[in-house]
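Just so you know, the sequences run in chain order A and B.
Counting from 20, one number per residue, gives the positions in the first sequence under my numbering.
Counting from 298, one number per residue, gives the positions in the second sequence under my numbering.
No lab work stands behind these hints: they were computed from the structure.
All residues carry an ideal CB built from backbone N, CA and C; glycine is no exception.
Take the hints with a grain of salt, since some may be wrong.
As the list claims (entries may be wrong) - Some chain B residues near chain A, calculated using beta-carbon distances under 10 Å:
1) Ile304
2) Gly314
3) His343
4) Gln394
5) Cys437
6) Arg457
7) Leu461
8) Met513
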Amino acid sequence: MSLITLDPRKAEPFPIAAAELLQDTQLRRNVAHATDVIQRKRAALVAEKADWQALRSAGAATRREALLHLDSYLEQFEKQITAAGGHVHWASDGDEARRIVIGLLRDAQAKDVIKIKSMTTAEIDLNPALEADGVHVFETDLAELILQLGADQPSHIIAPALHKNRHQVRELFAREMHLPDLTDDPPALTDAARRYLREKFLKVDAAICGANFLVAETGSICIVESEGNGRMCLTLPDTLISIAGIEKVIPRFSDLEVLLQTLPRAATGERMNPYNSVWTGVTPGDGPQNLHVVLLDNGRSELLAEDMTRQTLQCIRCAACLNACPVYRQTGGHAYGSVYSGPIGAILTPQLHRMEYAQSLPYASSLCGACYEVCPVKINIPEVLVYLRSRIVEKNKGKLGSIFNQERIGMKMMARIFLSHDRFENAQRVARVLEKPFVGRDGWVHKLPGLAGQWTAGRDLQALPAQTFREWWRSRNGREERPR
Amino acid sequence: MRISLFITCYNDTLFPGTGKAVVSLLERLGHIIDFPLEQTCCGQMHFNTGYRREAYPLAKRFVASFQDAEAVCIPSSSCVAMIRDYYPEIARENGDQQFATDVSSLLPRVFELTELLTDRLRLEDVGASFPHRVTYHASCHGLRSLHLGDKPLRLLRKVRGIDLVELENSDRCCGFGGTFAVKNAAVSTAMLDEKLGAVLSTNAEVCTACDNSCLMHIQGRLHRENSPVRTMHIVEILASEIESSGAAR
């Protein structure tokens with residue numbers, strides 16, 4: 020597992036990473052089991068909302084509105100949170116964000132920092148940068164703690180250790196926390212984590228968090244979580260740094276009414292998250308006295324120009340699309356070579372990298388549409404996937420990638436054939452002849468060369484019938500002018 | 298009614314039996330079938346693989362071929378989804394106002410086979426007989442793009458002698474996904490194996506669907522595994538009458 024990289028610039032293409040992960044039957048069982056459980060819970064709670072589709076539409080409308088006027092809502096957020104005693108920092112990329120955070124921690128003279136689970140900090144690889152600056156980072160989310168202790172990587176947006184089962188977690192905790200008698204009973208495991216973390220909460224004086232929503236109207240930050248460890252990070256230390264993608268802003272406080280209904284139901288299958296923290300700036304004598312927000316662009320603003328790509332930023336990171344995805348179900352998240360995995364990762368990751376990297380991800384989908392169906396903010400992921408494929412094809416024009424070339428030649432040829440029914444009929448006849456050497460005695464094709472060999476690696480193919488439909492149609496209509 | 302058949306390129310080439318069944322069923326129901334010979338492909342494979350430039354003239358060709366049809370019948374849900382979901386987008390993208398107009402005028406007359414039967418012709422019992430144990434796989438595009446819902450099942454339930462058995466997770470993708478099956482063969486096959494497990498546990502003799510592409514995928518693995526289970530397009534069941542009901546395609 021330690022060979023897994025979630026840096027899209029270095030990761031293996033999806034088909035190669037996936038083929039390797041498919042060998043890990045334990046991981047596949049864990050992923051299938053966990054996603055089945057979450058999906059069942061989600062389905063039950065969505066079913067009890069008669070107005071679920073209206074909630075989806077309302078959530079989508081809110082997110083669209085925020086993105087259409089992102090510049091003014093961000094400025095409004097900055098103005099409001101500054102007035103409430105917070106500080107805003109703008110980071111154009113991961114490098115700048117890391118430098119800002121390191122500077123803030125130096126100012127606070129913090130050598131230890133506690134963290135709430137945050138995909139945005141994983142996106143910019145914050146932890147290694149902090150460790151390199153001599154800051155000890157303690158992940159407080161149970162799943163993130165599992166990953167940190169196991170030097171592992173997140174495989175899911177909201178349940179990052181979903182690829183591990185409780186037996187594996189027991190092994191890890193017993194070893195790393197020196198608890199040889201630990202059982203794999205979930206309460207025992209969470210209790211072990213609680214003891215391990217509790218002392219950190221009380222003595223560390225800086226915390227880092229992400230953000231679920233930034234409210235422009237009031238300058239508030241909203242974070243939802245299940246364990247309560249996040250709440251302690253948000254309230255106990257003196258310095259609190261929130262790192263949030265610029266798309267996280269919503270126009271009004273009242274917009275939370277819809278989004279805090281749809282997010283927990285879609286994400287964890289809960290009516291409400293156990294802990295919902297919303298706070299506005301600094302309150303003297305209560306909670307963090309130094310509040311900083313780092314607003315991260317890191318490629319996001321380039322997605323704003325087109326309707327098609329902008330919808331990617333509507334995402335509220337519920338991960339329902341991962342749980343519903345039959346591809347993710349087989350491989351888990353590591354195959355995507357990005358902290359953002361599954362269907363949303365397949366559209367977000369390559370776009371954040373200006374389509375230069377992660378080019379295999381838009382193809383890592385059978386376009387079944389299950390992601391779109393469950394998305395609480397109605398991102399048409401299949402539509403974006405297909406669009407990004409066209410961007411990749413255009414981008415790679417003239418490059419000499421062999422796989423793309425074989426495909427490109429085939430596609431161009433087929434397109435030309437389909438432009439004339441005479442050519443199409445000739446091609447059908449030629450295919451019958453060319454296929455002959457590959458047809459077995461049983462009338463099936465078991466092995467084909469080239470790209471088509473990828474089909475026959477796992478599947479047979481029935482030999483072409485002696486007569487195409489149009490040949491039959493013509494012969495039939497030649498014999499009898501009017502049937503019956 | 299005069300119904301124009303768009304057989305689709307892969308059914309034409311690989312599954313003529315499906316086209317023959319469409320003709321036989323609709324003629325049995327008293328309709329006249331028209332087959333415009335200039336038809337080829339809707340452009341789905343090109344569009345979905347990222348070759349939009351190539352898909353555009355194919356889309357125009359389809360619309361030109363069927364412009365005057367009273368109703369177009371297509372026995373393939375993914376091709377209908379391509380036409381319905383993406384032709385308007387192709388028109389927009391290319392700033393082709395004429396094509397946009399032609400598409401919006403044609404779309405209300407384009408039907409997937411089970412839509413044609415249930416929505417347009419208002420039928421559930423089509424007079425079929427098929428005394429076999431059958432399970433139904435809900436192809437993704439039919440399910441989530443066309444929202445076929447239980448239309449195919451309503452038709453199947455009225456087939457005489459049929460023993461229709463529910464497929465577990467029938468709405469989960471079989472892993473075909475067009476070029477996905479080739480570009481991501483290992484994952485595609487892993488998805489297929491789950492589908493196969495569900496199909497085999499029904500003890501059905503026949504697995505059916507509204508899309509031969511999914512069935513080609515399922516059948517390809519069934520054959521590789523030496524399974525006697527057959528796949529049949531839904532129209533081949535609906536076209537079956539007592540004497541021909543046992544015939545495989």
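For each hint, the structure was consulted:
1. Proximity of Ile304 (chain B) to chain A holds as hinted, the smallest CB-CB distance being about 5 Å (cut-off 10 Å).
2. A hinted interface residue such as Gly314 (chain B) counts as satisfied when its beta carbon comes closer than 10 Å to some beta carbon of chain A; here the least separation is about 8 Å, so the hint holds.
3. For His343 (chain B), the shortest C-beta to C-beta distance to chain A is roughly 6 Å, which falls under 10 Å, so the interface hint holds.
4. Given the 10 Å rule on beta carbons, the hint for Gln394 (chain B) is violated: about 19 Å separates it from the nearest Cβ of chain A.
5. With 10 Å as the threshold, the beta carbon of Cys437 (chain B) comes within range of chain A, its nearest partner Cβ sitting at about 4 Å, so the hint holds.
6. Nearest Cβ of chain A to the Cβ of Arg457 (chain B): about 22 Å, over the 10 Å cut. The hint is violated.
7. Hint status for Leu461 (chain B): violated, given a least beta-carbon distance of 23 Å to chain A, over 10 Å.
8. The interface hint given for Met513 (chain B) holds, since its Cβ lies 8 Å from the closest Cβ of chain A, which is under the 10 Å cut-off.
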